[in-house]
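Chains as they are written, first to last, in our numbering: chain A, 1 to 125; chain S, 1 to 179.
What the hints contain is simulated information worked out from the structure, not anything from laboratory work.
Check the hints yourself; a few may be wrong.
Computed list of lysine to any residue pairs in SDA-like fashion (alpha-carbon distance at most 20 Å, straight line) [claimed, not checked]:
(1) K10/A with A27/S
(2) K10/A with E37/S
(3) K124/S with S103/A
(4) K157/S with R132/S
Which bits of chain S does chain A cover? Going by a derived footprint, with three or more residues having C-beta under 8 Å, they are [said to hold, decoys possible]:
(5) 81 to 93
(6) 106 to 118
Keep in mind that this is a model prediction, so the values were computed, not measured.
Quick reminder that beta carbons are idealized off the backbone N, C-alpha and C, glycines included.
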Amino acid sequence: MENLIIEETKYTPQIEMNAKEGNIKIVGKSYPENTFEFYEPVMKWLEVYFNGNAKKQTILNLEIIYFNSSSSKLFFDLFDLLEEFNSKNLIMINWTYDEENESALEAGEDFKEDFENLTINLIVK
Amino acid sequence: MDINKIQNIVKQDGIVFLTYGGFLSQALISGMTEALEQEAQNSELNMGDSSNIFTIFIELSQNMMNYSKSKDKNEFKSEGLILVGKDEKHNYFIHSQNIIAKEDKDSMEPKLAEIVTLSKDELKKRYRELRRSGANTHGKGGGIGFYEIAKRCEEIKYKFTEINENRYYFHFEANLTTK
Numbered sequence: 001m002e003n004l005i006i007e008e009t010k011y012t013p014q015i016e017m018n019a020k021e022g023n024i025k026i027v028g029k030s031y032p033e034n035t036f037e038f039y040e041p042v043m044k045w046l047e048v049y050f051n052g053n054a055k056k057q058t059i060l061n062l063e064i065i066y067f068n069s070s071s072s073k074l075f076f077d078l079f080d081l082l083e084e085f086n087s088k089n090l091i092m093i094n095w096t097y098d099e100e101n102e103s104a105l106e107a108g109e110d111f112k113e114d115f116e117n118l119t120i121n122l123i124v125k
Numbered sequence: 001m002d003i004n005k006i007q008n009i010v011k012q013d014g015i016v017f018l019t020y021g022g023f024l025s026q027a028l029i030s031g032m033t034e035a036l037e038q039e040a041q042n043s044e045l046n047m048g049d050s051s052n053i054f055t056i057f058i059e060l061s062q063n064m065m066n067y068s069k070s071k072d073k074n075e076f077k078s079e080g081l082i083l084v085g086k087d088e089k090h091n092y093f094i095h096s097q098n099i100i101a102k103e104d105k106d107s108m109e110p111k112l113a114e115i116v117t118l119s120k121d122e123l124k125k126r127y128r129e130l131r132r133s134g135a136n137t138h139g140k141g142g143g144i145g146f147y148e149i150a151k152r153c154e155e156i157k158y159k160f161t162e163i164n165e166n167r168y169y170f171h172f173e174a175n176l177t178t179k
């Protein structure tokens, strides 16, 4: 399975999805002009990956400095998708936030509460 | 046109460091956000406060961009205006104004009327409910965007002013105190 790499821009994060290692990284700012279009390849990749290509353990590292509300919805949909595959896969999510960035911490806490079945670690930077 | 008039307004109303009236594109929004990042750095704002300012600015300006994109350019000129400023006590304010259709006013107004009555905790709860339900989460009409804004500031104010039966001015204001 192909890896998916999307380079960072001023308003979209660096995305690295490595199928061989089961490592996914989304780091940066997220306020695309069309959020759902922008993340479509990410969602598709995850579908393909978890349908027969997943490693024993999958680690998702998320570090979003700030984001618009449609990205917030998109991350919700992303967690929703992960939850779907969570029973048959070992999935670990690391939500990294800056110590001073209360909103980023709060966003992580909300996701943790909304997705009780997922393993979401809140990691202070 | 005397540009000094603008300069005087800027001086009078505190340090308005960013104002723009006209057609908004994604490239412009991201350029202005960069300018805000610079301002945050110069004013030594902490990351929490600055990310709240960026988020509110992005939310409002992308809303305005979506309006100007979706409307018939001849009928709805993008007479939008957005500004970010701060007073001497380093409280920040973000104001926006744009023209919207009556149908959008009708979908925004009840949400905004609800938002101003909610406490911070109620806002957070409502935001998550709406995000989960998936309804109205993107596109025009306010979605969860105004809840996101209200979560991140001390106070919002809004007003609709009728232009004619189909068009309204939408004025919006968010006020933030910083640490």
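**Item:** Hint consistency between K157/S and R132/S [alpha-carbon to alpha-carbon, up to 20 Å]
**Value:** violated, 26 Å
**Prompt:** Do three or more residues from the stretch 106 to 118 of chain S put their C-beta atoms closer than 8 Å to C-beta atoms of chain A?
**Reply:** Violated: only 0 residues of the stretch 106 to 118 of chain S have a Cβ under 8 Å from chain A.
**Asked** Given the proposed pairing of K10/A with A27/S, does the C-alpha separation stay at or below 20 Å?
**Response** holds, 9 Å
**Request:** Quick one: see if chain A covers the stretch 81 to 93 of chain S, three-plus residues with Cβ-Cβ under 8 Å.
**Result:** violated (count 0)
**Prompt:** If you draw a straight line from the CA of K10/A to the CA of E37/S, is it 20 Å or shorter?
**Reply:** holds, 12 Å
**Prompt:** Given the proposed pairing of K124/S with S103/A, does the C-alpha separation stay at or below 20 Å?
**Reply:** It holds: about 11 Å lies between the C-alpha atoms, which stays within 20 Å.
Comparing the model with each earlier hint shows violations of hints 4, 5, 6; every other hint is respected.
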